[in-house]
Amino acid sequence: MISEVMENININDKDFEIPSDVLDEIQRNIQNIIEGFDIPDDNKMDVIKKINFMYTQTKQMSVTDALTKLYNRRRFESDFEREYKRAKRYKSELSLAIIDIDFFKKFNDTYGHSCGDYVLKEAAYLMLNNFRQTDFVFRYGGEEFAVILTETSGENSLIPLERLRKTIEDYSFKFGGEILNVTISIGVSSNTDFKTPQEMFDDADRALYNAKNSGRNMVKSAGELI
Numbered sequence: 196m197i198s199e200v201m202e203n204i205n206i207n208d209k210d211f212e213i214p215s216d217v218l219d220e221i222q223r224n225i226q227n228i229i230e231g232f233d234i235p236d237d238n239k240m241d242v243i244k245k246i247n248f249m250y251t252q253t254k255q256m257s258v259t260d261a262l263t264k265l266y267n268r269r270r271f272e273s274d275f276e277r278e279y280k281r282a283k284r285y286k287s288e289l290s291l292a293i294i295d296i297d298f299f300k301k302f303n304d305t306y307g308h309s310c311g312d313y314v315l316k317e318a319a320y321l322m323l324n325n326f327r328q329t330d331f332v333f334r335y336g337g338e339e340f341a342v343i344l345t346e347t348s349g350e351n352s353l354i355p356l357e358r359l360r361k362t363i364e365d366y367s368f369k370f371g372g373e374i375l376n377v378t379i380s381i382g383v384s385s386n387t388d389f390k391t392p393q394e395m396f397d398d399a400d401r402a403l404y405n406a407k408n409s410g411r412n413m414v415k416s417a418g419e420l421i
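As numbered in the numbering used here, residues 196 to 421 make up the sequence shown, in order.
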């Protein structure tokens, strides 16, 4: 497995991430090598502890977006699958929101990529502070974010999502001595009608498209598409 990953590494791909199961295999291999060395047991345990610490840090990095410090797409996929199954098991409500920063490309084109990075980091900070501790916020990729709202119906999800939309709109994004006009579009779906995780995601994505196509800077529910 490790050799397969190494063969597929593109050194120019900044977003390349080592899969978690490969990190697990690397850790096991290193520990096996150490066990074979003629090292005093006390020293050997110290080395293994340091390796385990480094492994934990590296594994955390593999599911964390380096820029915003939010969980990344890989973590989203595993967490969403888990929360969907949990909601189905306990017959509880679950909502999924997909968020897009409106006209994000203009920030990079007009002010440079450092401005785009600033907008992403500030938006991520505002998102983290907008939702409950039982909700999950992710940077899905590019200027897109995802939020899993647990124990929340599609209708009730509109309250925190509209609050976030208003917070972003009113926030002073200051860059290079200027105040930037930043807004977001949001699409949300819920697990009603026993949808699969993929159907929930597709519905939220279509609702996001509807929000962007309707003028942006708004929240649209998948229910509005029916």
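Keep in mind that the hints were calculated from the coordinates and are not lab data. It is possible that part of the hints are untrue.
[Claimed, not checked] Below 25 Å or equal to it, Euclidean Cα-Cα: the simulated DSS-like pairs (lysine-lysine) are: (1) Lys264 x Lys316; (2) Lys361 x Lys316; (3) Lys301 x Lys369.
>> Checking each numbered hint in turn, tell me which of them this model violates, lowest number first.
In response: none
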